[in-house]
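Take these sequences, add in the hints, and give me the full structure.
As given, the protein sequences belong to chains P and B, one line each in that order. Per my numbering, the first sequence starts with residue 262, numbered consecutively. Per my numbering, the second sequence starts with residue 26, numbered consecutively.
What the hints contain is simulated information worked out from the structure, not anything from laboratory work. Just so we're clear, the structure is a prediction, and the values are computed from it rather than from any experiment. Beta carbons: idealized from backbone N, C-alpha and C, even for Gly. Be aware that one or more of the hints could be misleading.
Some chain P residues well away from chain B (every beta-carbon gap over 10 angstroms; in silico) [what the hints assert, rightly or not]:
1. A286
2. A543
3. D547
Example chain B residues on the side facing chain P (calculated, C-beta under 8 angstroms, incomplete) [what the hints assert, rightly or not]:
4. G46
5. G104
6. R107
7. E122
8. F234
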Amino acid sequence: MTVHKPSARRVGEFWGVPVTLALGAALIFAISFVVPTTWLFFLQKVLALGLFAVATNLLVGYGGMVSFGQAVFYGLGAYMIALGWQHYGAPFWLLLMLAPLLGALAALVIGALALRTREFYFALLTLAFSQLFYTIANKWYDFTNGANGVFGPMIPGAIAMPRPGLWFILAVTMLALLALWAITISPFGLTLRAIRENQQRVEAVGVNLYRHKLYAFVLSGAFCALAGALFVVHDQSAYPELLDWMQSGEPVLMALIGGLYHFLGPLVGAFIFVFAHDYLVAASSDTWQLILGLALVLIVLFAPNGVLGLWRQGGGGGLKGLLGRVFQGGTHERPDG
Amino acid sequence: MNVLTVDGLVKAFGGFRAVDGVSFEVEQGSIHAVIGPNGAGKTTLFNLITGHLRPTSGTVLLQGKDVTSRPPNVMSRRGLTRAFQVTNIFPNLTVLESVECAIDARKRMSGSLLPWRRREGREEALELLDAVGLSEMAETIASTLSHGDQRTLEVTLALATRPQILLLDEPTAGMSPWETERMIKLVRELTRSRDVTVLFCEHDMDTVFSISDRLTVMHRGRVIADGPPEQVRADEQVISVYLGRKEHA
Numbered sequence: 262m263t264v265h266k267p268s269a270r271r272v273g274e275f276w277g278v279p280v281t282l283a284l285g286a287a288l289i290f291a292i293s294f295v296v297p298t299t300w301l302f303f304l305q306k307v308l309a310l311g312l313f314a315v316a317t318n319l320l321v322g323y324g325g326m327v328s329f330g331q332a333v334f335y336g337l338g339a340y341m342i343a344l345g346w347q348h349y350g351a352p353f354w355l356l357l358m359l360a361p362l363l364g365a366l367a368a369l370v371i372g373a374l375a376l377r378t379r380e381f382y383f384a385l386l387t388l389a390f391s392q393l394f395y396t397i398a399n400k401w402y403d404f405t406n407g408a409n410g411v412f413g414p415m416i417p418g419a420i421a422m423p424r425p426g427l428w429f430i431l432a433v434t435m436l437a438l439l440a441l442w443a444i445t446i447s448p449f450g451l452t453l454r455a456i457r458e459n460q461q462r463v464e465a466v467g468v469n470l471y472r473h474k475l476y477a478f479v480l481s482g483a484f485c486a487l488a489g490a491l492f493v494v495h496d497q498s499a500y501p502e503l504l505d506w507m508q509s510g511e512p513v514l515m516a517l518i519g520g521l522y523h524f525l526g527p528l529v530g531a532f533i534f535v536f537a538h539d540y541l542v543a544a545s546s547d548t549w550q551l552i553l554g555l556a557l558v559l560i561v562l563f564a565p566n567g568v569l570g571l572w573r574q575g576g577g578g579g580l581k582g583l584l585g586r587v588f589q590g591g592t593h594e595r596p597d598g
Numbered sequence: 026m027n028v029l030t031v032d033g034l035v036k037a038f039g040g041f042r043a044v045d046g047v048s049f050e051v052e053q054g055s056i057h058a059v060i061g062p063n064g065a066g067k068t069t070l071f072n073l074i075t076g077h078l079r080p081t082s083g084t085v086l087l088q089g090k091d092v093t094s095r096p097p098n099v100m101s102r103r104g105l106t107r108a109f110q111v112t113n114i115f116p117n118l119t120v121l122e123s124v125e126c127a128i129d130a131r132k133r134m135s136g137s138l139l140p141w142r143r144r145e146g147r148e149e150a151l152e153l154l155d156a157v158g159l160s161e162m163a164e165t166i167a168s169t170l171s172h173g174d175q176r177t178l179e180v181t182l183a184l185a186t187r188p189q190i191l192l193l194d195e196p197t198a199g200m201s202p203w204e205t206e207r208m209i210k211l212v213r214e215l216t217r218s219r220d221v222t223v224l225f226c227e228h229d230m231d232t233v234f235s236i237s238d239r240l241t242v243m244h245r246g247r248v249i250a251d252g253p254p255e256q257v258r259a260d261e262q263v264i265s266v267y268l269g270r271k272e273h274a
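Written as structure tokens, this is what we have:
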């Protein structure tokens with residue numbers, strides 16, 4: 262019987278993510294008093310999309326299931342707020358709680374079908390669902406206003422202003438990220454990583470593959486829908502493009518940029534993505550796709566573990582080494598070497 | 026008492042019958058070997074027993090209950106687990122995490138979202154790693170282990186499910202003599218201390234004869250001999266198709 266003391270590394274691994282999140286939240290709260298309004302909107306968008314990307318990465322990075330259909334749940338969350346307000350005059354707070362439930366329910370149905378297939382076909386099927394929901398939102402004019410989308414005062418006055426709006430989005434995002442992080446270090450999170458590593462083996466030790474994948478899909482769908490609802494707090498509108506495959510691809514790209522194999526990778530990716538998008542598009546809208554494409558090629562070739570992966574490779578002393586160790590917490594795959 | 030009964034198993038791939046009416050029984054607490062030349066149908070037989078393949082006909086009884094064609098995860102829950110011929114681990118998980126995952130599955134905790142529920146599994150995993158001699162490697166990434174340690178981890182993953190019967194597909198394949206010896210010791214120790222029945226197939230005859238209580242010999246999909254080692258060693262048909270060939274080589 263060995264006595265197993267928690268190593269310094271394990272303690273760092275446990276506290277790395279929540280401490281980083283708390284520091285980040287404190288920083289955003291502090292600067293919200295001094296920065297210009299455009300920054301407040303920028304941070305709102307980063308947080309909503311960051312949550313979307315982390316929730317998507319539960320499937321992509323943790324479970325090894327590449328879904329190009331997560332915008333279905335993101336868009337449904339957004340439309341839940343917008344249409345609930347427009348058609349039923351339902352209170353925002355109720356709709357905010359219903360959004361993840363709707364996301365979970367939709368994910369249960371779509372996942373039950375899509376997870377019957379594997380890898381490539383799974384990715385294609387999720388993409389097809391994304392286009393299907395986009396088309397419905399676009400064509401069902403009587404209910405959704407079609408391509409015009411839904412606009413109006415659907416957000417309570419208290420959080421409709423930029424600064425309180427940011428605080429609200431910040432608080433909900435942090436709670437959601439902590440919940441997601443707890444999931445990733447739970448027995449289920451471990452099982453999900455084992456599924457990514459070796460499906461045959463995990464089945465042989467007694468895990469029902471299909472059921473656990475579906476479970477991951479439903480959880481991811483719920484958090485994606487919550488992110489969509491937060492996007493409405495930011496944008497105060499919902500429109501069909503929130504559901505389409507381009508929107509589905511964004512969180513996957515963000516996760517790739519920031520690092521698939523770190524809990525916070527997609528959040529960092531969302532920051533870089535939105536920053537580049539908003540400021541480069543402002544500079545010249547034609548070149549955005551070109552720059553994005555080029556950046557992705559470079560990342561896939563030279564930094565397959567994303568920006569956080571580069572940091573972790575550093576090690577050693579100094580600021581780089583320190584950051585490297587901080588970011589070690591939350592790593593859920595340690596590439597060889 | 027028989028823990029496993031295989032009755033008239035047939036697996037046909039088109040016109041080719043890889044397993045052609047195999048029947049035998051595995052006694053509780055024994056070490057039972059299945060031997061035979063390459064292509065005799067041993068691995069196919071194992072895949073039929075574990076539910077990875079569906080038999081064309083025949084039945085598999087576990088503790089007297091019909092479990093034919095149940096999927097692998099159900100077989101594991103019922104007490105029959107396998108270790109694989111090709112090392113089959115979780116490359117980027119640590120040794121400890123890998124074993125934890127298997128223990129959580131047995132405890133039906135794989136779906137738990139509560140981080141603190143990891144603790145039970147972690148403690149049991151550390152005890153088990155200690156018992157198999159891998160505790161020093163607990164924090165090592167599985168894919169960076171030596172071949173022998175990977176094989177041991179493979180068997181440990183199977184053990185973590187607390188099987189009543191453990192199927193080992195060529196457990197010492199590609200191992201150094203020292204590693205082979207360690208694996209044999211491990212298998213022997215298991216049957217005694219943990220009351221695990223072992224069914225294994227193996228090429229290495231020294232290993233087979235040194236630890237088996239009973240042997241089933243296969244040739245071209247059929248059983249040609251079944252009995253204790255000394256009886257099988259003296260069997261003329263076995264000598265001609267298998268052991269004899271080795272002497273000529």
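Non-conforming hints, listed in increasing numerical order: Numbers 4, 5 and 8 - these are the hints that the structure violates, sorted from lowest upward.
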